[in-house]
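Trainee: The chain contents come next:
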Amino acid sequence: MDPAIVFRDLQWRYEHRKNFALKGINLEIGKNDFIGVVGPNEHGKTTLVSAISGLIPHSYNGIYKGSIEVFGKKVFDSDALELATNVGIVFSDPESQFTAMTVEEELAFGLENMGFELAKIRERIEWAAEITLIQDLLDKSPYDISGGQKQRVAIACVLAMDPPIIIMDEPTSMIDPLGKNLIFEILRRLKEASEHTLIVVEHNVEQLAPLADKMLLMYEGLVDRYLPTKEFFADPSYLQARGVLAPESTEFVQWLIAEKALPASIDLPLDLAGGIEATHQALQRRSSS
Amino acid sequence: MNSEAARVSTTGRTAKARKTLLGYVPMESPFYAFHPATRLILFIFLGVIPLFIFIPEVNIFLLLINLALLRWGKVDVQRLKIYMPIIFTVAIFMFTVVILAPGRDPSYTPLEVLGITVFYQPVFFTFAAYWRLIAMLFGTILYFSTNRERELLVGLRALRLPFVASYVVGLSIRAAGMFMEDFRIIREAEQARGLDTKAMRFSDQVKLYMMYLIPLFSIALRRANEISNALFARGYTLTGRTSTGQPRQDYIRSTYSYSKRDFVAIVVMVVVFVATGLAQIFFDIFAIEHSPLNILLRQALEIPS
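Chains as they are written, first to last, in our numbering: chain X, 83 to 371; chain V, 6 to 310.
Note that these hints are calculated values from the structure, not bench results.
It is possible that some hints are incorrect.
Derived CB-CB ranges, DEER-like [what the hints assert, rightly or not]:
#1 X/D84 / V/S264: 49 to 55 Å
#2 V/E33 / X/L354: 43 to 49 Å
#3 V/V174 / X/L304: 42 to 48 Å
Once the Cα atoms are required to be at most 25 Å apart in a straight line, the calculated SDA-like pairs of lysine to any residue come out as [what the hints assert, rightly or not]:
#4 X/K222 / V/P90
#5 X/K312 / X/D244
#6 X/K296 / X/A346
#7 X/K105 / V/N234
#8 V/K24 / X/D218
#9 V/K203 / V/I190
#10 X/K100 / V/E231
#11 X/K262 / V/N234
#12 X/K105 / X/K147
#13 X/K147 / V/K79
#14 X/K222 / V/V82
#15 V/K79 / V/P90
The following residues of chain X were derived to be distant from chain V, with all beta-carbon distances above 12 Å [to be verified]:
#16 F158
#17 L264
#18 Q289
#19 V305
Note that CB positions come from ideal geometry on N, CA and C, so glycine has one too.
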């Protein structure tokens, strides 16, 4: 299967900056993959996804070398409309992405830009509002709702346009725990539908890891690791040295393995349920020995 | 929790007003039965018609119509108190200027009032101009008290303003609202760190306000950049080109429709507007000389017309 996104030695330096933010990225992201992007701050995560969405180089000044192809077409040669059709991006600050006066208008805006018929626009708005649980907010001002609701509206705006690639750049960084859970619930639904390539930049590894097919570690402007999720978290000390913590259940089971309470061959859990299951196995092993 | 929801939960009753970027509008109002274009025409009508009228009594009558419409429109009149400082400040400013600097004209009639010499003609002219201004102001208050930003944009587009221009209007309103919000946050942050503006000298308060401009403008610039990115990410092009090649639809405008009452209201407003304009331009009917109050005062003070 052809990849959705291909990076070829991509380098990017922001105007008036001394160092390159991206220092030669070579990467392939498959269609309908769910990619979790982690890494310390200021190491190139947002720059990486901005390059996929085309904000780099189209909205920022700087030095651009190498290339990115989205479905075989170079981002550098694509215009805003082509890019928006293929790539949707949700920013960390939901309010910064609103341009309209009601939630309904906000959702309609991108669809109008794409040139859909009114009936199709209505249908897409209803669909996106249902998935993101914002049906009751359509008539409200996007500035007069809670942080979690704002972020769901921002996600709905992108979903309504139904781009094959959806990027979320720290979508839960500015919202409360319940709001975060709802965002991850939406991500889970999207993953289950398996109709989109999802790239999620997130510090909340606990909730991201169980969903991601692959994890990508950005470190000092380079792709430091890009592996299937369980392999990615197999070496927690390596990740810790780069400012990334593995999910607590994964770390706990790794500790049980180190203590010989579980065999090294055990499947590493990524979520709480897996951690509890592994703990049961460890207890059974102890009682039987 | 958002402010609207807070109002509902703390009072235990359904909210009567909905917050907008520029104030509040009632949840229900007879105005909402009209198309936004009709409401915008009413705004233009009430805002422009005082420009043809120099008779203060007529402008006071227009003001009363505005107040009646506010009441009919279920606007919480208590909220209008916030405009009182503007109304009084404008009056103080205008009358102070005309009393202290009336201009020189030999035809002016001096009058002694409380030991001060004032001139009748410029003072009465200012009186007439003041009521014209207040009538226009209340036309604007009526509009923004019964229309959300969304309806303003729909109205503008219905009146054939290009989408780009209406969008700029929308973004400007948004920017104004967010500027005020950022200002409030900065003020609260200062107060939280112990700044007592009441204890400050006036000159220090002025300096403080100047200092607010730096963070406010840097925030505004950052927001402008973010909005630009958001527009790019949603595929907006200034040319109006769409990815399907089809003409750009206006979804929100399509959710409103005209009714008979809209056509009747528009016809009445256009007829009254044109009649008023023509009556003033060709027959000078609304000239200040025709003001009954002016005539009465001139007779009482024996001032020749």
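Trainee: Which numbered hints turn out to be false for this structure?
Mentor: Hints 4, 5, 13 are the ones this structure does not satisfy, whereas the remaining hints hold.
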